[in-house]
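Asks: With the hints as your guide, set chain B onto chain A.
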Amino acid sequence: SQQGEEDPQALSIQEGENATMNCSYKTSINNLQWYRQNSGRGLVHLILIRSNEREKHSGRLRVTLDTSKKSSSLLITASRAADTASYFCAGQAGTALIFGKGTTLSVSS
Amino acid sequence: GAVVSQHPSRVICKSGTSVKIECRSLDFQATTMFWYRQFPKKSLMLMATSNEGSKATYEQGVEKDKFLINHASLTLSTLTVTSAHPEDSSFYICSAITGGLNTEAFFGQGTRLTVV
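Protein chains in written order, with my numbering: chain A, 1 to 109; chain B, 1001 to 1116.
Any given hint could turn out to be false.
Claimed, not checked - Okay, the calculated bits of chain A under chain B, using three or more residues with CB under 8 Å as the criterion:
1. 23-33
2. 38-52
3. 93-106
Source of the hints: derived by calculation from the structure; they are not laboratory data.
All values reported here derive from a predicted model rather than from experimental measurement.
Cβ coordinates follow ideal geometry from the N, Cα and C atoms, glycine included.
Only chain B is shown next, with the shape it has when bound in the complex:
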């Protein structure tokens, strides 16, 4: 199957700093990429949907100025957590699809962010 690479897998940062997470589709062009957040022992919450070359669509309650998403190419999307605080600590997962309806999504390995 298609491969989505997410980097870094783990990051620890200090409060007030910004962290960038990359999501790359390695062997396909992703028309759309998604960013999810997962709390311990909980499900995935959709944060935003991004299409290459256009602004991301954020879900209700997700601060777009806090979580900056850039989808610069058909193979790369980045999520930047700005001015991170301990409550931003979480597991962030990206996914990508190749088409529209009725297509499976391919997921990155996830990034464990710890803000101290």
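Pulled out of the complex, with its shape left as it was, chain A reads as follows:
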């Protein structure tokens, strides 16, 4: 089963612009994580935000979590062509990660 729904499913922007991806989830979670996947490759962990946190930063990444709305957002600032990838949110309740559908981000130079 899938935990989250990402919005938008696809996003195309120019280098230097900001990219915002949203994720909604269905069940209670201990934390929400964001991962990145380049085409045909494994996943790379980006950031983890716990259920008692509201906002977290890591470099050009900013993640928010609203447990009352069961939603999260990932903001990538000053995007680069190398940010082109698919981005997934994943809720962790227990040990397993349940993934959302993902957002495909294309950054053109």
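Replies: Just chain B now, with coordinates in the frame of chain A:
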């Protein structure tokens, strides 16, 4: 960060044969490993959770006799796709965690399985 090695990265097999995929944690002991399946342009679907020395827990709809999981040690889990059919063609990814709650997962590079 921790490294998870998945092998092979690509495999082509004939219908009716079995294929084994290995997932190894190289520099840490994985208390739990997970197997996911990903269809083209889709998200990851959790297939099963395995703990070292115990039987895997399969998600609803996943055939345990079709997808055999063995977690023989704290650094190795294997997924065997038995009697493979073309519909089993997919991208299979493993992941491992070192602890319980609030820990990031480390992913293998994935295995592209094509059944002809």
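Asks: Could you work out which earlier hints the structure fails to respect and list their numbers in ascending sequence?
Replies: No numbers; nothing is violated.
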